[in-house]
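2 protein chains.
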Amino acid sequence: MKIVCDRDKLLDGIMTSQKAVSGKSTLPILGGLLLDCRTGDLRIMSTDLDIGIECTVEAEVVEKGWVVLDSRLLGEIIRKLSFNDVEIIIDETNVASIKCGNSHFTIQGQGGEEFPQLPEVRSEKKISLPQDLLKSIVRQTVFACAVDETRPILTGVLMECKGEEISMAALDGFRLALRTIKVSEQLPDISVVVPSKTLNEIYKILKDHEQEVEIFFTDNQMLFRIGSTKVVSRLLEGEFINYSQIIPDEYTTRVKVKTLDFLESCERASLLAREGKNNLIRLEICEDVVKITSNAEIGMVNEEVNVVMEGKELKIAFNSKYLTDALKVIESEHIEMQLTTNINPCVLKPVQSENYTYLLLPVRVAE
Amino acid sequence: MKIVCDRDKLLDGIMTSQKAVSGKSTLPILGGLLLDCRTGDLRIMSTDLDIGIECTVEAEVVEKGWVVLDSRLLGEIIRKLSFNDVEIIIDETNVASIKCGNSHFTIQGQGGEEFPQLPEVRSEKKISLPQDLLKSIVRQTVFACAVDETRPILTGVLMECKGEEISMAALDGFRLALRTIKVSEQLPDISVVVPSKTLNEIYKILKDHEQEVEIFFTDNQMLFRIGSTKVVSRLLEGEFINYSQIIPDEYTTRVKVKTLDFLESCERASLLAREGKNNLIRLEICEDVVKITSNAEIGMVNEEVNVVMEGKELKIAFNSKYLTDALKVIESEHIEMQLTTNINPCVLKPVQSENYTYLLLPVRVAE
Numbered sequence: 008m009k010i011v012c013d014r015d016k017l018l019d020g021i022m023t024s025q026k027a028v029s030g031k032s033t034l035p036i037l038g039g040l041l042l043d044c045r046t047g048d049l050r051i052m053s054t055d056l057d058i059g060i061e062c063t064v065e066a067e068v069v070e071k072g073w074v075v076l077d078s079r080l081l082g083e084i085i086r087k088l089s090f091n092d093v094e095i096i097i098d099e100t101n102v103a104s105i106k107c108g109n110s111h112f113t114i115q116g117q118g119g120e121e122f123p124q125l126p127e128v129r130s131e132k133k134i135s136l137p138q139d140l141l142k143s144i145v146r147q148t149v150f151a152c153a154v155d156e157t158r159p160i161l162t163g164v165l166m167e168c169k170g171e172e173i174s175m176a177a178l179d180g181f182r183l184a185l186r187t188i189k190v191s192e193q194l195p196d197i198s199v200v201v202p203s204k205t206l207n208e209i210y211k212i213l214k215d216h217e218q219e220v221e222i223f224f225t226d227n228q229m230l231f232r233i234g235s236t237k238v239v240s241r242l243l244e245g246e247f248i249n250y251s252q253i254i255p256d257e258y259t260t261r262v263k264v265k266t267l268d269f270l271e272s273c274e275r276a277s278l279l280a281r282e283g284k285n286n287l288i289r290l291e292i293c294e295d296v297v298k299i300t301s302n303a304e305i306g307m308v309n310e311e312v313n314v315v316m317e318g319k320e321l322k323i324a325f326n327s328k329y330l331t332d333a334l335k336v337i338e339s340e341h342i343e344m345q346l347t348t349n350i351n352p353c354v355l356k357p358v359q360s361e362n363y364t365y366l367l368l369p370v371r372v373a374e
Numbered sequence: 008m009k010i011v012c013d014r015d016k017l018l019d020g021i022m023t024s025q026k027a028v029s030g031k032s033t034l035p036i037l038g039g040l041l042l043d044c045r046t047g048d049l050r051i052m053s054t055d056l057d058i059g060i061e062c063t064v065e066a067e068v069v070e071k072g073w074v075v076l077d078s079r080l081l082g083e084i085i086r087k088l089s090f091n092d093v094e095i096i097i098d099e100t101n102v103a104s105i106k107c108g109n110s111h112f113t114i115q116g117q118g119g120e121e122f123p124q125l126p127e128v129r130s131e132k133k134i135s136l137p138q139d140l141l142k143s144i145v146r147q148t149v150f151a152c153a154v155d156e157t158r159p160i161l162t163g164v165l166m167e168c169k170g171e172e173i174s175m176a177a178l179d180g181f182r183l184a185l186r187t188i189k190v191s192e193q194l195p196d197i198s199v200v201v202p203s204k205t206l207n208e209i210y211k212i213l214k215d216h217e218q219e220v221e222i223f224f225t226d227n228q229m230l231f232r233i234g235s236t237k238v239v240s241r242l243l244e245g246e247f248i249n250y251s252q253i254i255p256d257e258y259t260t261r262v263k264v265k266t267l268d269f270l271e272s273c274e275r276a277s278l279l280a281r282e283g284k285n286n287l288i289r290l291e292i293c294e295d296v297v298k299i300t301s302n303a304e305i306g307m308v309n310e311e312v313n314v315v316m317e318g319k320e321l322k323i324a325f326n327s328k329y330l331t332d333a334l335k336v337i338e339s340e341h342i343e344m345q346l347t348t349n350i351n352p353c354v355l356k357p358v359q360s361e362n363y364t365y366l367l368l369p370v371r372v373a374e
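In order, the protein sequence lines correspond to chains W and L. Position 340 of the first sequence, counted from 1, bears residue number 347 in my numbering, the numbering being contiguous throughout. Position 155 of the second sequence, counted from 1, bears residue number 162 in my numbering, the numbering being contiguous throughout.
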């Protein structure tokens, strides 16, 4: 194998592919990147057996071939090169010769055939979304996935397509984040649970522009095609919770508040909530104002935020993290809270939009 | 005590003072900041008993007093405030009431009298230096201090003033970094060993401008006055090594090389040196070129850097870190290496300047 390519493009491809390299795999070859030039272009691949990433990099392929090279070392070498033209030659014993300017590295690699193949995802089931939109959807949902593995299905995000609507939902037993998007085309019927780890990696690859991502689905795999990068992921198996029945559609108290003011006050209250055991903040919802308090051994905090309230006054307590998590990702200037009693779930929504719903369980506290 | 001050200025003072707060002190009060308004201005103080930092912050002192507040919590609270005017009131039980906009924190503090006093450093022995110059001197020397404590005196930098010259020297048994400055005034005779920790903190406080730092010396303390900040530090006790006798003044090989090219090649060679056990890079000094090589189990690297050499050709090996450490801080475009044999110390200097000398012991290796 012999290729010549541009340092910056090569580094870009390596850094993107590296995201799937697991540091602590028991299979040493998974600490490597597969450089595959068998078909005339350079594809850089990595996998941890759950996720696989493949980047196609512009390169002049002088001689076809493939090799696996240590991911960390290769990345560091390419990053440190001072010139643009990089030549990589692999001999029959999988030794890589990397030349650039007056630098010459010789690195022992492994045969490409030893690297696990990425699964082929061929499917007619396909949707397309602008990158920035998918990025925003992932950001608004994935944080609500369960972290602990006692119910593995909840460590993923349920992605459903039906008619002209896409929805993504995540829940962990304490809160639910649901984002929906209307599109102007008929979508295939899809219902899959995507591991949160996959979405976190996808989030880092997505750019803030409108170029489309294509997503393909099979029964147990999905494929994201983002520009010259392909990400293949397994899906989680099992039945997701039927969340639609837990979202209340009635309420007796409605509060409209400026998102940023509310977030900042909750974050300040969190400083003391964190000192306590349970991260607890208390809200006293009055006609024009929400009073937020929190106390710990070392002291206490009182915050007041101006609101517009309709309905009953109410005292309610929340885990401050679960509240601020949502306030950070809601993109509208004002939000609306819908409440019934201090033991019923509270719903947060952007004002003047139905595309995001966050449901949050209160914490029961003694008066 | 009652004060009103500006959030940004207060935060600035807190962040600077916090640098001396030790996270792991056995004395809980050292996790606090002393806010001292007994004399009509606000001074924020911290100490870990080795270093003490005092910042004077512009504030309207309505009522005099003092208090100790948890450093981390106070910093986080002030950072999160959304408005400028902060009011702090301390009652007779040392409870602090911090008000800003619609936020009101109540934090239990401790009495100011419980905080250890910073030592008074009153001395006629004083020098002044521009901040940016002192910053550069610290950067060029402090990295060469010993890290391990087997010879405590070597964990500090020897600072000497004599006639019209200031010198700072650090050494750890493998290398020596020496920086000298000529000034245009007669200096007091000074010879002290400053803990590297103090200089590292000073480095973070110093700004990149020419405003002067005043440094005062007593027998066992020194005081840096940097704008509205005072830093007091104990000095290390003991005899420093007489380094002047270990700097060779003769050589048989002299190499002139572009600093950045040499640094980048050494850094690339380090990538493989690091994989081996001893961080070793080998230099083969020829007439027009220095060849740099390093090898590890996984592979090897060859680098070539153009040089101008006078004298004998030479093969020599170094710990790559000790070489790159110096190349990173030498500020001239070209450096000069002076060598004799592959077991004699090597001297690095900026070309066309005598103000910096770095001495480096080679590593003996089998041919």
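Derived from the structure by calculation, the hints contain no laboratory data. It is possible that some hints are incorrect.
[As the list claims (entries may be wrong)] Output of the computed footprint for chain L on chain W, the stretches with three or more beta carbons under 8 Å from beta carbons of chain L:
#1 83 to 92
#2 101 to 112
#3 273 to 279
Fair warning: this is a prediction, and the values are worked out from it, not measured in the lab. In this text, a Cβ means the ideal position worked out from N, Cα and C, and glycines have one as well.
Hint check results:
no.	hint	result
1	83 to 92	holds (count 5)
2	101 to 112	holds (count 6)
3	273 to 279	holds (count 4)
Taken one by one, the earlier hints all hold for this structure without exception.
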